[in-house]
Amino acid sequence: MNRTPVDEPLTASVRSRFLASGLVLVWLVLAGRLVQLQWWEQASLARRGEDQWSFLDEVVPRPGDIVDRQGRVLATSVRVQSVYVIPQKIADREAIARDLGSALQIEPDALLKRFADHSDKHFMWVKRRVNDDEAQRVRQLKLPAGSWGFRDEYLRRYPQKSLAAHVIGLRDIDGIGRGGLEESCDALLRGQPGRRSLIRDAHGRVIEVREEIEEVPQAGRNVVSTLDTVVQLFAEQALDRLMEEWKPKSCCAVVMDPQTFEIWGMASRPAFDLNRTDQVPDDAWNNGALTVIYEPGSTFKPLMVAWGLQIGAIRQDEMFDCEMGEYKMGGRTLHDHHRYGLLSLTDVLVNSSNIGMAKIGERLTNVELHRACAAFGMGRPTGVQLPGELPGLLRPLKDWTSYSTGSIPMGQELGTTPMQMIAAHSALANGGMLMTPQLVKADVKSTVRWTGDSNESSLREIQISSHVVDESIARWVIEEPMFETVQRGTGRRAKMSDYTVFGKTGTAQKFDFKTGKYSNEKHVSSFICGAPVSRPQLLVLVVVDEPSVGKDHYGGVIAAPAASEILHRSLVYRHVPVEEVPLRSANSEVDLGVEL
Amino acid sequence: MYFRFASGIILVVLIALVGVGLEKETLSLRREVSRQHFRTEILVENKAKLRWECEQLGAPQRLIEQLPPDDDSTENISKSPAKTKSGTRSKSKSKSKKTAQIKALPLL
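Keeping their order, the protein sequence lines are chains U and S. Residue numbers for the first sequence follow my numbering, beginning at 1 and rising by one. Residue numbers for the second sequence follow my numbering, beginning at 597 and rising by one.
Here chain U stands alone, though its shape is the one from the complex (with noise of 0.2 Å):
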């Protein structure tokens, strides 16, 4: 078909408006796509392109320390360097793995078998918290650029070495804390990270370092405990002359403020060096005090005839008979250590008298027996800020029988742990308020020392407080019973010269497994005792598990000198006025040579 010439001015004229419209078009989408890229994705794309070339490190912050009451430091940080290499740029890794090695005194092979497993990774650590020898020799190794470095890290460490090691706990390798108040206080002592930023080149070497900060680190908050790092010395080393006089498999020692329940010392043994972590055996990581359940024995009657006044089962001037140390209970026969008649409610105590205690639970009955006891904070945790306490064993009422009527006012049939006890005890001590015990008194900013302002702490805990007796039979309990007993009873090994001392010893048989039985070779002994009568100030428990030199095993000949001994040394130091003691009191004609 022939073109006419009217067609082709037509064909050229569209052709042109084709390619104009064309052109317009590509111009369009690439003025629409610089549009999407500088408007929309701006931000994204500024951002990748900056993530190539810089990156943010973390800047680790310092932990904050752990003080006592006075100030003393019993858990602070200072920095140290790690080592690390970046596996994928070693280029002769039996070359670097024979150096460093030497330097940092590593088996090389072991080191060249590390490097192996993780060639294709971009971080390895070589050793952390080197000391400052060993990273001065790395240093002089002069080893590859880009293929290792140091890392700042903060290693935790103990100025007062074993002193109250499970009260403290430990700061494990990433900082974390593991035990003590390292682990329930971690929030506070950890602090906020940092950042800082680091400029690349193009093979991700970093080649310079920003000097602004792009986050500040956060350092963590002291924490101010309420330990006194002399009473604790006093408790430990009563505990070791413990330990090497009557060889017991464990012991403990809690030392508390009655009136405030703030714990003052708390030791437990076996124990370790919180700064030789490496080489503790495995029975001394516990702390005795909250993991340790035990039958409290007669340490826990007084608390049962608090209660048993407090109901009005019983009167202060009544008298029981003891049936001449053999009594028969439902199918059972109870026994005492001595022959005793008729004795009063403060000898009951005083001679520690399993009969007379078990007339007391058939006035109570299992169901004010329970109460007692759950009254008196058994079975449950008492809420100390540490981890891992156990709340003990108090079985429910329904299991109970009339076994129970005579095993619960001698202590037997529950189990507590001995921060429950002093707690327990500590309540009859100040006139009858249950509260819960405290070991963190504040927490401070890392840079002012702690003057006693409440106001400078972010704590703000509440003190959970419960009335569980009224005050004058708590009064009339430490006075009378708890007084007598030190006087002229159980506890006289623990009587002073020069302070006015209640208390009460517990001598527990262990139950075996085995044998399905309690057992006459294995016990617990424990002494409680607190100072001065007047207004108690401070109160101690001691209590040893399996002592195993000798025959004794009664918690007034074991447990109360090393009670005693510690109550004495803490009341001087805390100044606490010297009482006139009396020589004898009232009701001391009779002078039993028992010590349960």
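Hints listed in this document are in silico derivations from the structure and should not be mistaken for laboratory results.
In silico DSSO-like links for lysine-lysine, alpha-carbon gap of 30 Å or less:
id, chain 1, residue 1, chain 2, residue 2
1, U, Lys522, U, Lys510
2, S, Lys643, U, Lys445
3, S, Lys643, U, Lys161
4, S, Lys645, U, Lys445
5, S, Lys645, U, Lys142
Beta-carbon label-pair distances, calculated as ranges:
id, chain 1, residue 1, chain 2, residue 2, range
6, U, Ser16, S, Phe601, 35 to 45 Å
7, S, Val614, U, Glu208, 24 to 34 Å
8, U, Glu214, S, Val614, 24 to 34 Å
9, U, Trp53, S, Val614, 26 to 36 Å
10, S, Arg658, U, Ala202, 54 to 64 Å
11, S, Arg658, U, Arg332, 52 to 62 Å
12, S, Met597, U, His203, 52 to 62 Å
13, U, Phe513, S, Arg658, 41 to 51 Å
14, U, Gln192, S, Met597, 52 to 62 Å
Using N, Cα and C, we set each Cβ at its ideal position, and we do this for glycine too.
Chain U is already provided as a structure; the job is to place chain S on it using the hints.
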């Protein structure tokens, strides 16, 4: 017109230069602040190390571990009367020891 154009350009350039100058000043101040942070960190670190050493040297464990426990102050009534008498004699000694301890402890 050229004058107006030139003065416009000069104004823009001046504003830009002032802006650059201010930015540089801000940056140098930020760097100074960072340097101060680093210096503080070093001082805090030195303080921590000195405090640690100081606490180690002044630890009660180290200072009073050699003191004997004041056993004499607790009466042991299971002792024989003869021993009790000697115990009475030793009371004055124990009191002087106690007084010494009271004097020593506040220094810790």
